[in-house]
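**Q** Here the protein sequences come in this chain order: A and B.
Quick note on this note's numbering: the first sequence kicks off at 1 and runs consecutively.
Quick note on this note's numbering: the second sequence kicks off at 1 and runs consecutively.
To be clear, the hints were calculated from the coordinates, so they are not data collected in a lab.
Take the hints with a grain of salt, since some may be wrong.
[To be verified] A short, non-exhaustive set of chain B residues, derived as facing chain A with CB atoms under 8 Å:
1) 43
2) 138
3) 199
4) 200
[Claimed, not checked] Computed list of lysine-lysine pairs in DSBU-like fashion (alpha-carbon distance at most 30 Å, straight line):
5) A:240 / A:196
6) A:257 / B:175
7) B:200 / B:86
8) B:37 / A:196
9) B:37 / A:240
10) B:67 / A:240
11) A:257 / B:143
12) A:240 / B:200
No experiment lies behind these values; they were computed from the predicted model shown.
Ideal Cβ placement from N, Cα and C applies to all residues, glycine included.
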Amino acid sequence: MVVQSSAGSFYNDDDNTVYCESGGLAVGTLLLIEEDKYGVYSSLLLKYFLAEGVVCGHDLFVASAQDPPANILKELPAPLLDDNFITERVEATAAKSEDCQDSMQIAWRYQNAPKVETSPTTSIKFGHYYDVSQKMSPELLQSIKWHSFFLPDEMPLEPKLKMCNMNCGYARLLQSIQSVIYQEGFDGSHPQKKQKNILRIGIQSLGSLLWDDDICSTNTPEDIHSITKFLYVLRGLLRKSLSACIITMPSHLIENKAIMERVTNLSDVVVGLESFIGSERETNPLYKDYHGLLHVHQIPRLNSLICDVSDTKDLAFRLKRKQFTVEWRCLHLTGFAYDVLYLSQVRFQSADLYGNPMPPLPCCSLRLHLPPDLSDTVSRSSKQDLAESAKLLSSGCGAMAIGKKHLDF
Amino acid sequence: ACSCSCPAAQPCFVACQGVSLTAAKERGQLVFLEGLKSCLDLVFGEEERSGQPSPLQFISGSVSNLKDLFDFVRTSLTPTDSDCWKGRVLLVDDLSVLLSLGAAPVDVLDFIHYCRMVVCSQLKGNIVVLVHGSEDSEDEENKLVVTSLCHHSNLILWVEGLATGFCKDVHGEIKIIKRLSLESTEKDVIQIYQYKIQDKNVTFFARGLSAAVL
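All chains, full assembly: derive it from the sequences and hints.
**A** The following block contains the structure:
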């Protein structure tokens with residue numbers, strides 16, 4: 001049930017489009033998103049994750065202390081699917097199909113490891129595209145089972161309900177998650193129950209004041225252990241069940257950096273969003289096409305000593321009218337100027353309900369931008385040269401790519 | 001051997017040499033305390049299992065020290081009559097997590113101290129402890145534990161990424177510090193290697209002599 005995160009590959013197809021792909025969020029793991037300053041993009045990523053769960057027919061568990069989970073679910077982006085899919089899904093839900101689902105996979109792709117291969121490799125492509133300007137239809141949402149935890153509804157919390165000296169809100173949330181996992185059989189405790197499914201857990205703004213935790217409001221919080229204990233127990237629950245979890249956290253408000261260090265060590269994957277809203281980067285021409293940067297702080301090592309490390313750590317994101325994309329920025333020194341290569345790809349993806357690979361869709365293009373004063377000396381060259389240039393890029397150790405090649409798209 | 005694991009990761013060194021932990025566990029050579037599982041039993045399990053406290057009882061807050069964890073280690077490693085294993089090794093992965101779970105630094109250090117007395121002095125065995133740490137860390141409690149451990153260790157393996165940033169062929173550097181004597185002022189012997197991690201193996205080489213460069 002684990003999505004193997006293998007080294008991705010570049011390959012060309014007949015349309016001169018370069019594909020990039022990589023693995024996803026493995027079942028049983030925890031992804032922590034450090035929220036951008038206003039929580040705009042982190043909340044969008046969480047919705048993508050939940051939306052993908054709906055399209056795949058997974059169960060959802062949504063926890064929040066601020067927005068009612070039902071409202072969060074009403075704002076999920078609409079998937080770009082053909083009408084047949086929706087009809088079939090509604091029928092399948094009604095008929096309660098007993099088909100066995102061979103590949104239950106969650107994929108949240110956000111980056112890849114470049115390796116140039118000149119021949120196309122066959123690999124399963126999963127995923128769905130979403131239109132963030134449209135909302136998901138209520139019928140589609142109703143076709144799956146979802147559970148919620150809204151802290152204000154749990155009040156008043158019994159003060160005596162102290163689990164491990166933990167903050168009451170966190171303790172109640174853990175109990176709620178554990179009970180859903182147990183009752184719905186995600187930990188294998190009801191083998192006779194229907195087919196196996198996956199539980200996607202989304203927790204919004206954990207650690208904020210609304211969770212009755214003061215780590216975001218003072219440098220010397222009263223209790224620095226609640227959040228870390230919560231994460232540890234949560235990871236234990238994830239590991240022993242068919243579930244995966246994304247948590248967003250307003251880490252920019254946490255002054256005590258020791259807490260964030262511990263939180264990072266206790267998570268499997270940690271990414272941070274830095275939006276340009278209100279910062280000087282908003283007007284920096286280098287970033288004019290983007291809305292923010294995506295920092296990767298931690299990636300998991302699953303069943304292996306090594307993790308899927310890409311050569312490039314500079315990721316920028318932007319929210320287009322319909323789509324959220326993450327792009328790489330590679331800066332290479334040619335001796336006179338900076339060549340900037342943009343690679344565009346991110347999708348939130350998975351296999352469809354029956355494990356069928358999604359049809360290949362162009363998801364990446366390679367573009368080269370040169371500073372205006374050097375454009376006279378640019379020479380356009382063949383695909384072969386581009387491949388060599390990309391090879392140089394991937395050899396790492398500070399190799400210099402003398403690339404003046406690009407692909408038109 | 002006794003291995004105490006906090007995250008569900010396998011101890012790095014043993015995995016490097018391709019040892020099968022499952023097989024070792026089956027023949028009684030390995031006692032494996034899986035922290036995540038043990039914690040779940042403590043938090044969600046039924047109360048009072050025949051008066052035997054959980055090794056991770058300190059998480060519940062009912063005790064503040066790590067005595068239960070130490071008792072578990074001591075019981076697991078104490079030789080029995082049918083025991084034929086030659087040496088004793090305690091592997092701890094990783095100690096920094098205990099701080100995240102609410103243990104105070106002094107309790108963590110006490111735990112290691114007691115383990116050292118039993119495993120090293122009494123049973124003539126070895127202890128291998130993994131801790132997290134970095135120079136720009138602001139986790140003072142963790143720094144305290146790391147510093148104190150370093151003072152009491154015969155061998156320190158200090159592993160970090162390259163100062164120049166990420167590199168595909170050289171993942172980092174390992175500094176091997178051998179303390180010739182903990183009491184005297186003899187200089188430590190220091191060796192530095194670089195390494196590259198593969199799927200199930202790690203290759204070590206002298207600085208600047210990575211296979212990619214040669």
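**Q** Take the hints in turn and mark each one as holding or not.
**A** Against the structure, the hints:
1. 43: holds, 6 Å
2. 138: holds, 4 Å
3. 199: Holds, because the Cβ-Cβ distance from residue 199 (chain B) to chain A comes to roughly 5 Å (cut-off 8 Å).
4. 200: holds, 6 Å
5. A:240 / A:196: holds, 14 Å
6. A:257 / B:175: Status holds; Cα separation ~27 Å.
7. B:200 / B:86: holds, 27 Å
8. B:37 / A:196: With Cα atoms ~22 Å apart, residue 37 (chain B) and residue 196 (chain A) stay inside 30 Å; holds.
9. B:37 / A:240: Status holds; Cα separation ~8 Å.
10. B:67 / A:240: holds, 27 Å
11. A:257 / B:143: Holds - the C-alpha atoms of residue 143 (chain B) and residue 257 (chain A) are around 13 Å apart, at most 30 Å.
12. A:240 / B:200: The given pair, whose Cα atoms are some 24 Å apart, holds under the 30 Å limit.
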